[in-house]
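Residues per chain are reported as follows:
Protein chains: 2
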Amino acid sequence: LHSYPFSSSLLSCPPPLRLDHHRMADAYQLQNGAGDKKPLLELYVKASGIDSRRIGACLFCQEFWMELYALYEIGVARVEVKTVNVNSEAFKKNFLGAQPPIMIEEDKQYTDNRDIEGRIFHLAKEYSVPLFEKDPTVEKRIESLYRNFKLFVRAKTDFDKGKKVPADIESLPAAIKIHYNRIVEQLASIDQLLADRQTRYLLGPSMTEYDCELMPRLHHIRIIGQRLLGFDIPHNLTHLWNYVLTAYRTAAFIESCPADQDILHHYKEQLNLFTNQRETLQSPTKTHTLPESVLGEIKRLGLDRK
Amino acid sequence: LHSYPFSSSLLSCPPPLRLDHHRMADAYQLQNGAGDKKPLLELYVKASGIDSRRIGACLFCQEFWMELYALYEIGVARVEVKTVNVNSEAFKKNFLGAQPPIMIEEDKQYTDNRDIEGRIFHLAKEYSVPLFEKDPTVEKRIESLYRNFKLFVRAKTDFDKGKKVPADIESLPAAIKIHYNRIVEQLASIDQLLADRQTRYLLGPSMTEYDCELMPRLHHIRIIGQRLLGFDIPHNLTHLWNYVLTAYRTAAFIESCPADQDILHHYKEQLNLFTNQRETLQSPTKTHTLPESVLGEIKRLGLDRK
Numbered sequence: 198l199h200s201y202p203f204s205s206s207l208l209s210c211p212p213p214l215r216l217d218h219h220r221m222a223d224a225y226q227l228q229n230g231a232g233d234k235k236p237l238l239e240l241y242v243k244a245s246g247i248d249s250r251r252i253g254a255c256l257f258c259q260e261f262w263m264e265l266y267a268l269y270e271i272g273v274a275r276v277e278v279k280t281v282n283v284n285s286e287a288f289k290k291n292f293l294g295a296q297p298p299i300m301i302e303e304d305k306q307y308t309d310n311r312d313i314e315g316r317i318f319h320l321a322k323e324y325s326v327p328l329f330e331k332d333p334t335v336e337k338r339i340e341s342l343y344r345n346f347k348l349f350v351r352a353k354t355d356f357d358k359g360k361k362v363p364a365d366i367e368s369l370p371a372a373i374k375i376h377y378n379r380i381v382e383q384l385a386s387i388d389q390l391l392a393d394r395q396t397r398y399l400l401g402p403s404m405t406e407y408d409c410e411l412m413p414r415l416h417h418i419r420i421i422g423q424r425l426l427g428f429d430i431p432h433n434l435t436h437l438w439n440y441v442l443t444a445y446r447t448a449a450f451i452e453s454c455p456a457d458q459d460i461l462h463h464y465k466e467q468l469n470l471f472t473n474q475r476e477t478l479q480s481p482t483k484t485h486t487l488p489e490s491v492l493g494e495i496k497r498l499g500l501d502r503k
Numbered sequence: 198l199h200s201y202p203f204s205s206s207l208l209s210c211p212p213p214l215r216l217d218h219h220r221m222a223d224a225y226q227l228q229n230g231a232g233d234k235k236p237l238l239e240l241y242v243k244a245s246g247i248d249s250r251r252i253g254a255c256l257f258c259q260e261f262w263m264e265l266y267a268l269y270e271i272g273v274a275r276v277e278v279k280t281v282n283v284n285s286e287a288f289k290k291n292f293l294g295a296q297p298p299i300m301i302e303e304d305k306q307y308t309d310n311r312d313i314e315g316r317i318f319h320l321a322k323e324y325s326v327p328l329f330e331k332d333p334t335v336e337k338r339i340e341s342l343y344r345n346f347k348l349f350v351r352a353k354t355d356f357d358k359g360k361k362v363p364a365d366i367e368s369l370p371a372a373i374k375i376h377y378n379r380i381v382e383q384l385a386s387i388d389q390l391l392a393d394r395q396t397r398y399l400l401g402p403s404m405t406e407y408d409c410e411l412m413p414r415l416h417h418i419r420i421i422g423q424r425l426l427g428f429d430i431p432h433n434l435t436h437l438w439n440y441v442l443t444a445y446r447t448a449a450f451i452e453s454c455p456a457d458q459d460i461l462h463h464y465k466e467q468l469n470l471f472t473n474q475r476e477t478l479q480s481p482t483k484t485h486t487l488p489e490s491v492l493g494e495i496k497r498l499g500l501d502r503k
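Top line first, the protein sequences correspond to chains P and Y. Per this note's numbering, residue 198 is the first one in the first sequence, and the count goes up by one each step. Per this note's numbering, residue 198 is the first one in the second sequence, and the count goes up by one each step.
A hint or two may mislead.
Copies of the same chain look alike in the list, so a pair counts if it works inside one copy or between any two.
To be verified - With a straight-line Cα cutoff of 25 angstroms, these simulated PhoX-like cross-link-like pairs (lysine-lysine) come out:
#  : residue 1 : residue 2
1  : 374       : 289
2  : 305       : 483
3  : 290       : 234
4  : 235       : 279
5  : 374       : 496
6  : 331       : 361
7  : 279       : 305
8  : 358       : 337
9  : 465       : 289
10 : 331       : 465
11 : 322       : 235
12 : 289       : 361
13 : 322       : 337
In short, the hints are calculated from the structure, not lab data.
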């Protein structure tokens, strides 16, 4: 179990102090201001399969982490994040079958996404944080993206089995190409939405739950595309790429983001693919930059200055 | 993967036909009436660690199964339930890290409790099924019961470690007794609520989401209490026991209920306790009867005729 205190200065800091690796909760906390009466929310997120001190690639975990970060940033709550190895005896015993994300507040344990969201919703409402505004158009546009991506991942990795390098997208049989086309179409429709709206985040100038949902998924699509599928988000989707750039400039996203190696490891584990030592021994890195040409186009259009 | 078709006559039938155990979905379906346009909802629930064709002790799975059963019973939806071995390669590959319960409708995959509930909520609303009526009193009364039970389970099994039989409740040190007292207090407060309301289910004459939440948890408390902790729901809580009896007479509960052995196995697994062969080899049984004296008292008061 490893803890991540919330601190906007953490990015340039050394890794947080670990008090004692053998205890269930080796956490310390940084407070954002003096308020002792602020609720303290602890979020347990899935650890990486490579190193249980590192953040694993759990999308719901990152989603809630981002939402909590938003509450933390404006001083509504104190937040601590801890990584947990779900296979450890200590974890199983403490949570008796519950899976991360798990949120704890005083003596309350939230082990259900509905309850975690309910509590965050309540806090956001109490302090008028516009984190949960509804927008059916956005909801519809983003809802099946990740499911479609999973279908593509499965079909493509099956097809690539035994090959030294992933097959070229153009050479794919129609049955697999159909999954690819669906992804690209949907990415294009999100690009179009962003172009129409001309907003920084999906709903406006500030982050909402839709961004907490979409940003981590887009990043997984990018990393897994690049490292496993021979696929990239099409470079002509400039508004979508600009949105990815926004993610890379959003502290809530960066702090909660697993390393590339940990994302890749998660998918390989699920797909029962061979993990080579290079990945598990590499120093973790995070791809939070854009392809040169895409960045150039974004700058040319002035999108990054919104 | 093993499937459970919905049929109210299933209780007295032989186990459902398995077409092909090696396919991912070896399901057949029974239709409740003719309506081909009814949505078909497939629920994937966690399989037992003893036998992946048997239902495992996953509380969220049973909760949604019960809700879906309610929709099925009144003819709103067709439903199929399948058990999945979460450790199998086939499962991991198909769902890429998602955990049961998972619901599938046509090409939509719901892997998040919020989304599963959202879909069931929507269907219930569309057909005016009063499954999601709100009652803050009930909500408050039941919310921390299971969390408190988990604390008790952990403390008590730790204390019992190495003993041949579970220690008597009366002999427990104060630090553990406190957990026991909290459970009993809370069970008594639910008993009082039921006594005040004089209703069959928590909110009235028909089952709501609160019952789908409480009934499985009460049953786990009973089975684990009996088989692991030397604890029983106090026999003087007649209204609570009558509510348990209601569960045992509710098809949605019975059909979705794991066998005693599978419930016990789940807790032992999480607690890292030794599982003896007797449990894994036993024919699965379901305790769906009440202690004689309690049943006598219920009948004397006429509670079971409500």
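Copy assignment of residue 331 with residue 465, given that the CA separation must stay at most 25 angstroms:
For residue 331 and residue 465, the Cα distance exceeds 25 angstroms both inside one copy (35 angstroms) and across copies (43 angstroms).
Is it within a copy, between copies, both, or neither that the alpha carbon of residue 279 lies no farther than 25 angstroms from that of residue 305?
within (16 angstroms within a copy, 32 angstroms between copies)
Intra/inter-copy verdict for residue 235 and residue 279 if alpha-carbon distance must be at most 25 angstroms:
Only inside one copy: residue 235 and residue 279 sit 19 angstroms apart there, 44 angstroms across copies, limit 25 angstroms.
Go through the copies and call it for residue 322 and residue 235: within, between, both or neither, with a Cα cutoff of 25 angstroms.
Cα proximity of residue 322 and residue 235: one copy only (15 angstroms, versus 37 angstroms across).
Checking an output row: residue 374 and residue 289, CA cutoff 25 angstroms. Within, between, both or neither?
Between copies, since 23 angstroms is at most 25 angstroms while 41 angstroms is not.
Classify it for me, residue 290 with residue 234: is the Cα-Cα distance of at most 25 angstroms met within a copy, between copies, both or neither?
Neither way: residue 290 and residue 234 sit 31 angstroms apart in one copy and 45 angstroms across, limit 25 angstroms.
Please work out whether the CA atoms of residue 322 and residue 337 approach to 25 angstroms or closer within one copy, between two copies, in both situations, or in neither?
So residue 322 and residue 337 pass the 25 angstroms test inside a copy (24 angstroms) and across (20 angstroms) alike.
If the cut is 25 angstroms between Cα atoms, do residue 465 and residue 289 qualify within a copy, between copies, both or neither?
Both, since 24 angstroms and 10 angstroms are each at most 25 angstroms.
Homo-oligomer pair classification [residue 361, residue 289; C-alpha up to 25 angstroms]
Cα proximity of residue 289 and residue 361: across copies only (23 angstroms, versus 38 angstroms in one copy).
Cα distance capped at 25 angstroms. Does residue 331 pair with residue 361 within a copy, between copies, both, or neither?
neither (45 angstroms within a copy, 57 angstroms between copies)
As a check of your reading, is residue 358 near residue 337 (CA-CA no more than 25 angstroms) within one copy, between copies, both or neither?
neither (34 angstroms within a copy, 52 angstroms between copies)
First find the shortest C-alpha distance between residue 374 and residue 496 inside one copy, then the shortest across copies, and answer within, between, both or neither for a cut-off of 25 angstroms.
Neither: 32 angstroms inside a chain and 66 angstroms across chains, both beyond 25 angstroms.
When held up to the earlier numbered hints, the structure conflicts with 2, 3, 5, 6, 8, 10 and fits the remainder.
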